[in-house]
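2 protein chains.
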Amino acid sequence: MRNFSLSLIFLWIFSSSIGYAQTGSSEIKEDFKPSSKNQPGKEYPQVNSQGYARFRVEAPQADSVRVSLGLGGRGGTKLTKNEEGVWTGTTEGPMDEGFHYYHLTIDGGVFNDPGAMNYYGSTRWESGIEIPAHDQDFYALKQVPHGNVQQILFPSPSTNTSRRAFVYTPPGYSKESSERYPVLYLQHGWGEDETAWSNQGHANLIMDNLIAEGKIEPFLIVMTYGMTNEIKFGGLRDFKVDAFQTVLVDELVPYVDANFRTKADREHRAMAGLSMGGMETHSITLNKPDVFSRYALLSGGIYTPEELKASSKPELIFISAGSKENPDRVKNAVSALKEAGFNAVSYVSEGTAHEFQTWRRSLYTLAPILFSDK
Amino acid sequence: MRNFSLSLIFLWIFSSSIGYAQTGSSEIKEDFKPSSKNQPGKEYPQVNSQGYARFRVEAPQADSVRVSLGLGGRGGTKLTKNEEGVWTGTTEGPMDEGFHYYHLTIDGGVFNDPGAMNYYGSTRWESGIEIPAHDQDFYALKQVPHGNVQQILFPSPSTNTSRRAFVYTPPGYSKESSERYPVLYLQHGWGEDETAWSNQGHANLIMDNLIAEGKIEPFLIVMTYGMTNEIKFGGLRDFKVDAFQTVLVDELVPYVDANFRTKADREHRAMAGLSMGGMETHSITLNKPDVFSRYALLSGGIYTPEELKASSKPELIFISAGSKENPDRVKNAVSALKEAGFNAVSYVSEGTAHEFQTWRRSLYTLAPILFSDK
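Which chain is which? The protein sequence lines are D and L, in order.
Following our numbering, the numbering of the first sequence begins with 107 at its first residue and continues without gaps.
Following our numbering, the numbering of the second sequence begins with 107 at its first residue and continues without gaps.
To be clear, the hints were calculated from the coordinates, so they are not data collected in a lab.
Just so you know, these numbers come straight off a predicted model, no measurement behind them.
Among the hints, erroneous ones may be present.
If chains are identical, the list can't say which one is meant, so a pair holds when it fits in one copy or spans any two.
Each computed BS3-like pair below joins lysine-lysine, with the alpha-carbon atoms no more than 30 Å apart [stated by the list, open to error]:
no., residue 1, residue 2
1, LYS187, LYS321
2, LYS394, LYS135
3, LYS281, LYS415
4, LYS248, LYS346
5, LYS281, LYS394
6, LYS346, LYS148
7, LYS415, LYS148
8, LYS419, LYS148
9, LYS187, LYS139
10, LYS321, LYS281
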C-alpha cells in the first residue's frame, strides 16, 4: 500500500469549521418558511431569506432544549420555552447556503428534530435543514426527463455478505438496449453512507438537469458504503484502505460491468470522493491506475506530481474545496500538477465550508468535463 | 365513482389493536441482542428470544422517558433512570413477531429513539424495531442473486410535479434485453409512503428468495405514494380515490409500460394494497377493471360478489389479514366469492395483528399464485 500524509489531511479536513455566513448586524426579516428538508406537513424548522433558521420543539416538561446549529460552533442555539411549553429559537446569525446536519440536545440527551427528515452523517441518522442557495436551480427537481437511482445488492465474498450500492442511470437508460456508458464511482465522507450523494447531495437531479440542458454526455454514477473497516471518529489516523479497495475494485466494479451497460475499461472509469471519500479515492487510484483514469478529490486532499509520476498517467485530475476551507492549497496543488504536465482542474466553491453545498457544486462543475474528451 | 361502505372498513381497520403475544407469566430470558433495525453500531434497543424488547436512552436531566410500545396499548413502557442518568426499561410482556413502529415521549415531547433506524409511518418518520420471527428466513438477506429497487421520478401533470415511485426489477432484468414481465402495483397503508414495502416490508428480499428457490416466475413490483389528497387521521371517512386513481392509472402505469419491459395488458397487471392501500385497491380495481385483472387486499377490506359482478371478471382475488384482526370476515368473504364462481383465495397470518409481519407473509403467499396461470 502507498503511504501519504494522513495526519496532515486529517487536520486539513477537520480544522475547517462548519460555516456560517458573515454579515453585518441587521434586522431579522420575518419571511420564514418551512425548510425544504422537513417531513411532510411539518411547519418547523423554518428558514428566512437571509439564511437564519428558526426552530420549534414541543417538550413541555423539559428543562433545556438546544439545537446544534449556531454561530461558530459556540454551543449552538438555545431554545426558550413559552407559556404553552413550546421551545422556540432562532440562530444568532445567518447560516451558509445549502444543507446542514444538526440535532437537538434535550435534557442532556441527543435526539433528532421531529420536524425534519433524517440524513446519515456523523455515523448516525441526523436531522437535516436546507438554507436556500442563490444557485439552487442546478439541483432542483424540474419537469425534465429523470434518470433512476437503483439500489443494488452485490455479492461481497471478502466481507461475507451482500452489500448495498446505488447506481444512477440516466434518462432513457432502460428504454434503449445497446448504448454503453462511462462510470463514475462516487464516495461519501466520514460518518456518511451510500445514501448521502443522492439524498443530501441530489447527485441524480444534478445529472438530470445537466443532461436536459445538453451540457454533458450521460454517464452512470455508482455510490457505495466506504467505511468498510468501521472507522470511528479519531480512528481516521489508523485508516487502512485495503478492505474497501477489495470491495470496490474486486467486487463492485466487476458486478457493475456485468450487470449494467458500461464502457468497461480504464478510459471510461472515474473515481471521486468527498472528504474521507477523497482520501479513499487518492489511495485507490494510485494503487490501481489500471482501473481508473479520472480522479477527483472534493475537500479531500490533493495529489502531488511525484506520487502521480510513480503511477500511470491519469486523463484528468479534479481537486476542489469550499472557499472557507483551504482554497489556496487546492489551487497550488493544481498549479504544480499543471506545471508537471498533468491535465488538472481546480474548483473553489464560494462562501461554503466543509459541507454538501461545496460538494454539490463540485459535482456540477466536474460532470461536464469528466469524460468530455471521450 | 363507485361507493362502498367506507365507515365499516374504517372501523375494521382501526379497531384491531397492535398485537402483543399472550403468554403465561415466566422469567425473562437474559439473551437480549440488538434489534436488526438498529442504526449501525448501536447496542439498543434489544430484543430477546421470547419477544421482549429492552430500551436504553441517555437523557440525564429528563424527568420522564416513555416508549410507545408496551402491553395492550396501556401507555407503553415507562423507563426508569439509573444513577448515571441513563433510562432503561423492558416491555411488560413479549411482543408479536415482526416489525413494530414506535417512538419515545420525553418530558411530554415526541421524539425518536436515537438507537433505531427510522421508518415512515403514522405520517412521520418513526423508530422501528424487529422481533425475530420463527419464519424470518423468507425475507432474510441471503447470498442469492438480487434484484434492484429503482427510484423513478415520473411526470404527473395532474399534480403538477414529478412524483417518486420505486420499481423492483428481478435479478437479471438489466442483463438481458428482451424478456417482458407482469407488473404488480403494491400500495402502502395510511401514514406510510412509497418506501414502506421495501424498507419495512422487505418486498425485494421476499421476491429474491422466492425466485432463487424457483417458486415463482419473476414479475415487477411498482410502489408509489398513495396519500395524494393529503388524508390525515380521522379524515379517512372523507377519502376520495379520484386524485390517486388519476396518478396511478393515467400517469404511472403508462410511464412504467413505456420505460420498463412490461407485459402491458390487463392480464399481466395486478394491484394490491395493505390497509388504506387495500381501500384504494378495492376502489380502483372496480373503477378500472380494464386496467387490472388481479386484485389483493391485505388487511384492507373485502370484495362482495355483487360489486364484482357489476365489473369485469378478475382473474384472481386474494384477501388476507392477521389472525388478531378479523380472520373470519376474510374467510367468509372468500367463501362467498368462490360460491359465486370467482377465483378467490384467503390467507390468515397466524399470531399477528394489523402490522407488517401480516403483510410480509401475505406477499409471500400471494406472489407464487399471482400470475401462475400466465
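To see whether the hints hold, each was checked on the structure:
1. Taking CA atoms no more than 30 Å apart as the test, LYS187 paired with LYS321 passes in neither setting, with 51 Å inside one copy and 59 Å between copies.
2. Taking CA atoms no more than 30 Å apart as the test, LYS394 paired with LYS135 passes in neither setting, with 53 Å inside one copy and 51 Å between copies.
3. Within a single copy, LYS281 and LYS415 get their C-alpha atoms no closer than 42 Å, and across copies no closer than 38 Å, so neither meets the 30 Å cut-off.
4. In this assembly of identical chains, the alpha carbons of LYS248 and LYS346 lie at most 30 Å apart only when taken from different copies (28 Å versus 41 Å within one copy).
5. For the identical chains of this complex, LYS281 and LYS394 are inter-copy neighbours only, at 27 Å across copies versus 34 Å inside a copy, given an alpha-carbon limit of 30 Å.
6. For a Cα distance limit of 30 Å, the shortest separation of LYS346 from LYS148 across copies, 23 Å, qualifies, whereas the shortest one inside one copy, 42 Å, does not.
7. In this homomeric assembly, LYS415 and LYS148 never come within 30 Å of each other (Cα to Cα): the closest approach is 54 Å inside a single copy and 44 Å across copies.
8. Taking identical chains as interchangeable, the C-alpha atoms of LYS419 and LYS148 are never at most 30 Å apart, the minima being 51 Å within one chain and 43 Å between chains.
9. Taking the closest pair of Cα atoms, LYS187 and LYS139 come within 30 Å of each other only inside a single copy of the chain (21 Å); across copies the shortest separation is 38 Å, beyond that limit.
10. Proximity of LYS321 to LYS281 under the C-alpha cut-off of 30 Å is found in both arrangements, the shortest distances being 21 Å within a copy and 29 Å between copies.
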